[in-house]
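Read off the chains here:
2 protein chains.
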Amino acid sequence: MKLASLKRGRDGQLLVVSRDLARATDASHVVPTLQAALDDWDAAAPRLQEIADALEAGRIAHLAFDPKKCAAPLPRAFQWADGSAYVNHVELLRKARGAEMPASFWSDPLMYQGGSDAFLGPTDPIEVVDEAYGIDFEAEVAMILGDVAMAAGREQAARAIRLIVLVNDVSLRNLIAAELAKGFGFFHAKPSSAFSPVAVTPDELGHAFDGAKLALGGPGRPVAEGGLGYSCIAERRMVETIRFGKPQTEFLKFGDRVRIEMPDADGRSIFGAIDQKVARYAPRGK
Amino acid sequence: MKLASLKRGRDGQLLVVSRDLARATDASHVVPTLQAALDDWDAAAPRLQEIADALEAGRIAHLAFDPKKCAAPLPRAFQWADGSAYVNHVELLRKARGAEMPASFWSDPLMYQGGSDAFLGPTDPIEVVDEAYGIDFEAEVAMILGDVAMAAGREQAARAIRLIVLVNDVSLRNLIAAELAKGFGFFHAKPSSAFSPVAVTPDELGHAFDGAKLALGGPGRPVAEGGLGYSCIAERRMVETIRFGKPQTEFLKFGDRVRIEMPDADGRSIFGAIDQKVARYAPRGK
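Going down the list, the sequences are from chains F and G. Note that our numbering has the first sequence beginning at 1, numbered continuously upward. Note that our numbering has the second sequence beginning at 1, numbered continuously upward.
In case anyone wonders, no lab produced these hints; they're calculated from the structure. Glycine is no exception: its CB is placed at the ideal position from the N, C-alpha and C atoms. Don't take every hint at face value.
As the list claims (entries may be wrong) - Some chain G residues judged to face chain F by a derived CB distance under 7 Å, without partners named: (1) R76; (2) F78; (3) S116; (4) D117; (5) P125; (6) V129; (7) V141; (8) L145; (9) K182; (10) R284.
Claimed, not checked - What follows is a set of in silico ranges between Cβ atoms, one per label pair, in the way DEER data are often shown: (11) F:A157 to G:K7: 22 to 30 Å; (12) G:A279 to F:N88: 51 to 59 Å; (13) G:G206 to F:E240: 39 to 47 Å.
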C-alpha cells in the first residue's frame, strides 16, 4: 500500500493513496497519523491494507490525490539517520573537499544523525538564507523502520522495514568543510530534508526490493556515456574537476527547481515526485 | 512548575510534581503527554500551572512521587542537540584523544545531533554490550524548547525555553576516536541519554537562571583543591594523565552506580536524581 500525510497540525492527517497515485482516501478515522500507525504497526497495517484494497477496487469514497497538499509522509520523526550506501559518492565528495576516504568505508557504514523535527513536504520550497552557502540536492532512498533493538543484526533490522520513501537531502556544500572540521558532524550544512508524496510498503516494489535494499538506481555516470546523470551537483562538479580542471556546474540558485522521482520497470512513478523550488529564506520572528 | 512522565506507552503519562518532589498528581486528563503539552504550550501551560498551584496548596488529590516509576520527562523527542558550553571540558577531552582544539571553539558553539528516539528514565539501567567500550557518564543541563525558527537569534531562541532538565549523556569513550575519525560525528559512541525525574519551568530556578543559561555549576576541579570534582570520568582521567603521566580512574564497570543531582542554593534537589546502575546488555530478538 501507499500512504501519505495531508498537511494538518504537526503530524499530518493519514491518507491511503492508490497504486497509480491518482486517488486518495482519508484513513484518519482508523489511525490519525502515520506516526500513530508506526507506533502500533501490527494492529494498524492490516486495517490500512483493507482501505487500500477497497480504494484499488473502487469500493470506497475517494478524492483526486494532490501532492501539493501533502506534508512529508512523516512530517517529523524521532530519528533520522542518513547513511552512505553508495561509497563512490563519498569518495568523490571527499576528493572534492581535499579529504582522504579511509579504506574502512568500504566495509564500515558511514552514517550520521540529522535533524528530524521539521521535514519538508514534497513541494515545499527549499528556503535558504544565502545562495553563497552552495545549495545542493541529494536524491536518496530512505526506509521508515519500526522498533530496532540495540545491537540488532542485519536480518533483524531488515525485518523492521515498514515503508520506503524518496528523500531530497538538501545540503549546503560551502558550509560542510568548516562544520565537519569541528569533528561533530553536520548541523547547519544539512537543513531540513524533503520527502516524496507517498511512502510505500516493500511489497509495492516487487523484485526491485531484496528485503533490505532497493535496487532501482546506481552510481552516477554522464548521460553521454549511457548513464543517468548524477543525484547531486557536488558529484558532477567533482567529475568535472577531474576531467576539466575545475567545476563547471554551479550550485542551485534562488528560483531553481529540483525534481526527484523514481519510475518502476514500466516507467510508472512509484513514490510520486519531490518537486521543489529554491527560495530565499526570510527570517521569521525576532 | 515541575513535570514528570509516568512510564506508560511510548510517550509517558503526564504528571505535575510538587516543588519538594514529594507529591505528584495526574495531569493526563488535561494534556496526555509532555509532547502534547509542548505542541500547544500556550494553551497547556496555564492549565498545568493551575494544577501545580492546587498541588502546592494541598487542594488536589495526589500520590507520593516515585522517580522509579518515571520515564524521562520526554521519553522520546523530535530533536536532541548536545552542545559544549564548557569549552574547558572539550579542550581536556581532545587532549586525551591527542586531538587539537581549534581556537574558533571559544566563540563558535560545538554541537551535535544525537539519538532522541529512546531516552532512558532516571533510574533505568545503563545497558552496554561490553565494558571494554569505556563506559562513562556526563552530567549535563538540557533545555526543552518550543518552536525555534531557522536563523533565530539569541533572544528569540532564549524565549523558546520551556523546561529545564538534567541529563546523563552516556558516552562510550573507547568508540569515540574511531567514530569521529570517520568525520560524521557520534553514533554508537553516544547511546541513549538518561534524564532527571522532573523537568522544571525556568521560574523554578530564580536567579540561577539568567534567561538563557543555568548557573549552578562550573568547570571541574579536584575536591582536594576546593572543587566539586568532575562531571565525567574522561575529564578526571585527562587531569590525572597531565599530573601523573597516566590515567588512574577506570571507566565504569557493570554494577557501578551513577547519581546525578543538582541542589539549589538551600541544598534542595531541583530536578530529583538520575540514579542508574551500569548493566550488561543482553541482545534482544534475532
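Exercise. Hold the hint about R284 (chain G) up to the distance rule: shortest CB distance to chain F must be less than 7 Å.
Key: 4 Å, holds
Quiz item: Is the shortest C-beta separation between D117 (chain G) and chain F less than 7 Å?
Solution: Hint holds; D117 (chain G) Cβ to chain F Cβ min 4 Å, cut 7 Å.
Self-check item: Hint status (Cβ of R76 (chain G) to nearest Cβ of chain F, threshold 7 Å)
Solution: With a closest approach of 5 Å, the R76 (chain G) hint holds.
Quiz item: Taking the beta carbons of A157 (chain F) and K7 (chain G), is their distance inside 22 to 30 Å?
Solution: The hint (22 to 30 Å, Cβ to Cβ) holds, given that A157 (chain F) and K7 (chain G) are roughly 26 Å apart.
Exercise. Using Cβ atoms only, decide whether S116 (chain G) comes closer than 7 Å to chain F, and label the hint accordingly.
Key: Holds, about 6 Å.
Quiz item: Should the hint that K182 (chain G) touches chain F count as held when the rule is a Cβ pair under 7 Å?
Solution: 6 Å, holds
Quiz item: Does 51 to 59 Å hold as the CB distance between A279 (chain G) and N88 (chain F), or does it fail?
Solution: Check failed, 42 Å falls outside 51 to 59 Å.
Quiz item: Is it true that G206 (chain G) and E240 (chain F) lie within 39 to 47 Å of each other by Cβ?
Solution: Given about 60 Å between the Cβ atoms, the range is violated.
Quiz item: If you take the shortest Cβ to Cβ gap from F78 (chain G) to chain F, is it below 7 Å?
Solution: 4 Å, holds
Quiz item: Does the nearest C-beta of chain F fall within a distance shorter than 7 Å of the C-beta of V141 (chain G)?
Solution: Violated: closest Cβ of chain F sits about 19 Å from V141 (chain G), beyond 7 Å.
Quiz item: Hey, does the V129 (chain G) contact hint survive, CB to chain F under 7 Å?
Solution: Because about 6 Å separates V129 (chain G) from the closest Cβ in chain F, which is inside the 7 Å limit, the hint holds.
Quiz prompt | Hint status (Cβ of L145 (chain G) to nearest Cβ of chain F, threshold 7 Å) | solution = It is violated, given that the least Cβ distance between L145 (chain G) and chain F is near 10 Å, above 7 Å.
Violated hints, in rising order: 5, 7, 8, 12, 13; the structure is consistent with all others.
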